[in-house]
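Put together the whole structure using the sequences plus the hints.
For the protein sequence lines, the chains are A and B, in the order given.
Each residue of the first sequence is one higher than the one before, starting from 261 at the first, in our numbering.
Each residue of the second sequence is one higher than the one before, starting from 27 at the first, in our numbering.
For the record, the hints were derived by calculation from the structure and aren't laboratory data.
All clues stand as given, with none of them false.
Keeping only pairs whose Cα atoms sit at most 20 Å apart, straight-line, the calculated SDA-like set for lysine to any residue is:
1) B:K57 <-> A:Y308
2) B:K57 <-> A:Y290
3) B:K83 <-> A:G288
4) B:K57 <-> A:N355
5) B:K83 <-> A:E352
6) A:K341 <-> B:G66
7) B:K83 <-> A:S263
8) B:K83 <-> A:S287
9) B:K83 <-> A:N355
10) B:K57 <-> A:F289
11) A:K341 <-> B:P130
Just the calculated beta-carbon pair ranges, DEER-fashion:
12) B:D64 <-> A:T283: 21 to 27 Å
13) A:D312 <-> B:G42: 49 to 55 Å
14) A:R319 <-> B:S106: 43 to 49 Å
15) A:D299 <-> B:T122: 23 to 29 Å
16) A:M340 <-> B:V38: 30 to 36 Å
Quick reminder that beta carbons are idealized off the backbone N, C-alpha and C, glycines included.
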Amino acid sequence: GQSLEQPSEVTAVEGAIVQMNCTYQTSGFYGLSWYQQHDGGAPTFLSYNALDGLEETGRFSSFLSRSDSYGYLLLQELQMKDSASYFCAVREDQNFVFGPGTRLSVLP
Amino acid sequence: EADIYQTPRYLVIGTGKKITLECSQTMGHDKMYWYQQDPGMELHLIHYSYGVNSTEKGDLSSESTVSRIRTEHFPLTLESARPSHTSQYLCASTGTVGTQYFGPGTRLTVL
Chain A
261 GQSLEQPSEV
271 TAVEGAIVQM
281 NCTYQTSGFY
291 GLSWYQQHDG
301 GAPTFLSYNA
311 LDGLEETGRF
321 SSFLSRSDSY
331 GYLLLQELQM
341 KDSASYFCAV
351 REDQNFVFGP
361 GTRLSVLP
Chain B
27 EADIYQTPRY
37 LVIGTGKKIT
47 LECSQTMGHD
57 KMYWYQQDPG
67 MELHLIHYSY
77 GVNSTEKGDL
87 SSESTVSRIR
97 TEHFPLTLES
107 ARPSHTSQYL
117 CASTGTVGTQ
127 YFGPGTRLTV
137 L
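Here it is in C-alpha cells:
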C-alpha cells in the first residue's frame, strides 16, 4: 500500500527553527516534494528532492534519505506568515501521493 | 508565476444537478490533475491526464468524469451532485520534474 506520515501539528516561536518530518511507504519513488498551504488557499511548491541530501532555498531547506524512506523540511528564522499547513508528496512516476500535512503555528 | 485558472471559485447547488468545474493553464504543460481536499485534510487524486485525449482515474474518481480535448483545458464533470461531494476541488499541472502548480480551487457545496 501507499502511506505517508507527518506529525499533525507543530508549534514554534518567531525567529526559531522548526523541522517537519515525513516518512513514506509507496510502491514507486522518484522524489519527494514539499508544499505550503495557507488556510483557504491552494498548495504552493516549496522544494523537491530526487537524490539524498539537503537542498536549500533561502530560509527553507529540505532533506531526503531514500534508504530510510524519510525526509524533512526545515524552516529557519520563522515568521508569522509561515503559519500554514505543510504537505510532503511522493512522486510515483507521473503521479503524486500526498501526506496528511503538518499544521505549523508560529507564535509571537 | 504559475498561470492556472479555475472557475467557478465558489458554487452552491442542489442535489442531483450536473456540474462542470473548469480548469485552464497557459503554461503548455502536458500533465494535469484534479484533487479533492476537505478542510485541513490531505489531497486525494480524482483524475489525471498525460496529454490530449489521455485521461486516467485516480483513487477517488467515482461519479465524475474528465476530458482533455485541448492541452490547456481539463474540465471535471459531476454527473449528479450529492452532499458527499461538498469539498474543495483543486486543479494542478506539472512543469519541471517534481513541481506541481495548483489553481486557486473551487469550493463546492451541495445542498
